[in-house]
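Colleague: Given the coordinates of chain W, assemble chains E, B and G onto it according to the supplied hints.
Protein chains: 4
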Amino acid sequence: MKYVSDFKWKKGIKVHEMVEYLGEVGFQSIELKKASDVIVKMKKNSAKIFLTFTSNMVTSGLRGFFAQLIELGIADVIVTTVGGIEEDIMKATGEKFAIGNFDSDDVELHEQGVNRVGNLFINNESYMNFEDRVMPMLDKLYKEQKRWAVSEMLRKIGLMLKDKNSILYQAAKNDVPIFCPAITDGSFGFHLYLFQQKHPDFIVDVVKDFGNILYTTSHDEKKGVIALGGSISKHHAILCTLLHGGAEYAIYMTTAHKTSGSMSGATTDEAKSWGKVKDDSDVATVIGDVTIMFPLAMIKALEQLSKEGLLK
Amino acid sequence: MKYVSDFKWKKGIKVHEMVEYLGEVGFQSIELKKASDVIVKMKKNSAKIFLTFTSNMVTSGLRGFFAQLIELGIADVIVTTVGGIEEDIMKATGEKFAIGNFDSDDVELHEQGVNRVGNLFINNESYMNFEDRVMPMLDKLYKEQKRWAVSEMLRKIGLMLKDKNSILYQAAKNDVPIFCPAITDGSFGFHLYLFQQKHPDFIVDVVKDFGNILYTTSHDEKKGVIALGGSISKHHAILCTLLHGGAEYAIYMTTAHKTSGSMSGATTDEAKSWGKVKDDSDVATVIGDVTIMFPLAMIKALEQLSKEGLLK
Amino acid sequence: MKYVSDFKWKKGIKVHEMVEYLGEVGFQSIELKKASDVIVKMKKNSAKIFLTFTSNMVTSGLRGFFAQLIELGIADVIVTTVGGIEEDIMKATGEKFAIGNFDSDDVELHEQGVNRVGNLFINNESYMNFEDRVMPMLDKLYKEQKRWAVSEMLRKIGLMLKDKNSILYQAAKNDVPIFCPAITDGSFGFHLYLFQQKHPDFIVDVVKDFGNILYTTSHDEKKGVIALGGSISKHHAILCTLLHGGAEYAIYMTTAHKTSGSMSGATTDEAKSWGKVKDDSDVATVIGDVTIMFPLAMIKALEQLSKEGLLK
Amino acid sequence: MKYVSDFKWKKGIKVHEMVEYLGEVGFQSIELKKASDVIVKMKKNSAKIFLTFTSNMVTSGLRGFFAQLIELGIADVIVTTVGGIEEDIMKATGEKFAIGNFDSDDVELHEQGVNRVGNLFINNESYMNFEDRVMPMLDKLYKEQKRWAVSEMLRKIGLMLKDKNSILYQAAKNDVPIFCPAITDGSFGFHLYLFQQKHPDFIVDVVKDFGNILYTTSHDEKKGVIALGGSISKHHAILCTLLHGGAEYAIYMTTAHKTSGSMSGATTDEAKSWGKVKDDSDVATVIGDVTIMFPLAMIKALEQLSKEGLLK
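Protein chains in written order, with the numbering used here: chain W, 1 to 312; chain E, 313 to 624; chain B, 625 to 936; chain G, 937 to 1248.
Hint data in this document are derived by calculation from the structure and do not stem from the laboratory. Source: prediction; values computed, not measured. The reader is advised that the hints may include incorrect statements.
Subject to a maximum C-alpha distance of 30 Å in a straight line, what follows is the list of computed DSS-like cross-link-like pairs (lysine-lysine) [what the hints assert, rightly or not]:
1) B:LYS931 x E:LYS323
2) W:LYS14 x G:LYS1100
3) E:LYS534 x B:LYS931
4) G:LYS977 x W:LYS14
5) E:LYS408 x E:LYS346
Just chain W, with the same shape it has in the complex:
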């Protein structure tokens, strides 16, 4: 039996020390420490790791952290939404997102051509620049072939970027596939549509990509899911592992609650129903803002994995 112990600050305390102590504090701090331990366990047991996140996390500075994690060999498969793809490309091609306010005057922002994502701002100009950059990319792709599975298209685009903080770039370089089941649900979708208007034989084959995600793993391989936020990115990773008998390890971090019956709020309790999770030490659900919770849990795991020589 473990007991609550008094938390104390000591000068210069490191993140991994703090997370270690948080494991004996209470409420979500205990779950956070558990999540960190599960990540280490996944990696030590050579599980194939599915990392999923929503687009607002790519709007945020977590984007560089995701790229770093791919580089370090933490993530084997990425699932995200199309906004995450768009904003990674924008940042890789020089766009900057400003830090604003949750309670900004939205009418005023509109007049200034500013789009608000929580307390972050994206200029209309960034979307226009994105269009200018993405169209030549589609041209190149089309010249190569007419019919593209999404993850294959994203791999090619990743190779066209030159930014080591880019998710697409690092994923392409490290042979980590990126899946995006709703590729048309964003301005990228609009550009694909305009392109298809000019080239009716241009096809984005989402069905083929379902086969691609299935082939990333197998029934026999150990599998782990790190799902940040909810949405189809979380659902898609769970679906894929389920079709292979379920994941052995799972971490969900979210601000949603299970009481509404939504996918975003579903907890790792359900993971137990997959029949492969052996005990409570293989899963953790952390309730809280991912921009804070994830770096904490992940950094604690990275320090440990680094010490044991388990990072790329």
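Modeller: Frame of chain W, contents of chains E, B and G only:
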């Protein structure tokens, strides 16, 4: 200036009377009444109405209500996730979902072949029956043509169903298109994949469907969005209306909060930044479980629209 | 086993019919129906009913509903916070609270002398009028005796009010005690302090009132708790029933979640640990805004109790 | 204008470095960094600092951190609920709280004599030991005088404890008053009641203590509020500063949202309505679990204050 007034029960009180009174109670009850008024306003001003919902709402009994709303001419365009499509077809072909418990023993459920969605249960058998029913449907579609936009495929499937409580059936019958930007993110996606393995020239054209949703409305037409829950269904409807200059009316109902910067938690404040919303009486955000909030607001609106002869 | 059934609107649908149907819809709608059933059960089994609510609900129009419930014999004991006491007195003496907006400009409101409680507004003037009214009341109390238990003081004040929509008035008239363990945490506390400055032997005896709440019930009597919102009002009622071996029935309605370990978010699962709850049909936790959830569940119960002649 | 920047892990990263980087990440991470800055500002400008927390935080390991903060001269006034008082005394006299699980079987826990607070466990035995320890304390107090203001009583009890990790001990030693407006709302209240039964002239004077909190500060002095969680502890500190014209600085950390109109969910926007907050850099609201958010923000502030020689 309106004032808070004391709420009192009177025997046999009707839903629309209660919602009327709730408008003078406080907190979310005021927003609920506002939402009801905005729905009436949308309809009276002949706005094209985009109704979006997540799949867990189709798991719930709201499914029949959505079908009824389509029949009554409330919804002009539907956007949902693939789980919603699957479960509507399951129910239309005889499957039943049981009422369970949020805190069920998930390991035990797994042994019984039961899948849990919040406090609702779906048997594995229902998924197997779904497979048996959907495969012949894909055969029929394939015989007709090889390349399908999603909404066109869903329309054909709707016509194959014989259930007036079915969303797909009513939508097909009433010429209301259903969009589903992540059509592969569910067991339906797996069946599409298996089908394509046998018929490599079978194509689900999501890019073409982006054009289809764009053509449902125009810059000049008034547009209203009723977004229930978050996810890509909400995002996709907003995206479409934005590409036509923004919606004039918007109602969001959700359990998510704006503090995490997620799409699910984004409020109708942002709608003001679209530049078309004239004043606060055109938008409402209601925080709460949609299975309760939506029937309340909608029934109040239906009674009023019915009285004014504005229902189909 | 109960099954999900399709919800349909029928013209003129009544609140109790809707709540009945909601019991087969899903997620919180099912819990809501359960809560309604537990209220009926409490009453039928002659449990002593503890009704607790926070002050913001008295700011809202629920105040008149609470008074009505006392009149109808639903509540046997009331626990609330001092803000609830103050605002009930304000309303009983003519003050009106305006309906505003969650996102008002608070600096501007300050200049206008307006205090905001969510989307409701209270004028500074109302607080000043409250002071004018409460001081003579304290004079009267002091003339009678020097040392007052809180609930006894509130009973006397209730008798001085002449408003059948007043909680204090109905409670005093119907011999329902009102407990308020933090009587000084509001402007009423400030007035008590000013009064004591002039009359140093004036004593508010909170310790004695603990005995008073203990004597409202006994170990042998059946007990039910209806806790609306969290805070010390909820905690105090649970504490009292626990000291008598625990309640047999409990309903919690709240927007808080259990994941933070707070009292506000504690669910009725814990009630099972009291050892008296026989089965799941005796407790219900509903997540959602009380201004909507409580009238729904309560009205359904009232219609049924009225039919069976169980209302006062 | 500040911009989002890519977050990257570097080996051995310290907590204060991480929080610094989080200020450019997004969503709550930005608010967290702001909160840290406001704490530094409060202290630098010699504001009187009101630190408030709910009892579950004292159940958790934050208890030792609060004691340390008092020792370091961060908090000038403490407001908490009686559960916090009880559990601080329990821990100071040797009781240990176990780390459990949010989803424990509560019926089983009951049989083992275990009380659950979220994922933490308190044994019945600890409550019995508490009774044994608190009764002699009340005897000593009663011998000294019959009528006690709450904060004066807590100061005396603090001096009887011998635990440098104790909040009451450090507060007493450092002349930091502890206010607890609902002193009877816990097992301590029950013991006070039993004691008064034997000694009817024993009086706990809550009205006098309202004067005491008022005298901790003045209209002219700068004031800051750090409110962790909601409840009356938060409300009481705000009330006191408001009666002196409002605080200049305020930080709220909570899992509650403003949409329900509750005190727990009220944000620091309202603080602007007090008329003393000069600009946005003086207030911050952080949504999230306090056991994680508070140490992060506070440690960043402590490192800075330590460097500038502003700690005791």
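Colleague: All hints, please: hold or fail.
Modeller: So, going through the hints one by one against the coordinates:
Annotation: proposed proximity of LYS931 of chain B to LYS323 of chain E holds, straight-line Cα distance about 10 Å (limit 30 Å). The suggested pairing of LYS14 of chain W with LYS1100 of chain G holds, with an alpha-carbon distance near 24 Å, which does not exceed 30 Å. About 48 Å separates the Cα atoms of LYS534 of chain E and LYS931 of chain B, which puts this hinted pair outside 30 Å; it is violated. Proposed proximity of LYS977 of chain G and LYS14 of chain W is supported: the alpha carbons are some 24 Å apart, at most 30 Å.
Between LYS408 of chain E and LYS346 of chain E the alpha-carbon distance is near 35 Å, which puts this suggested pair outside the 30 Å criterion.
Hint violations for this structure: numbers 3 and 5, all remaining hints satisfied.
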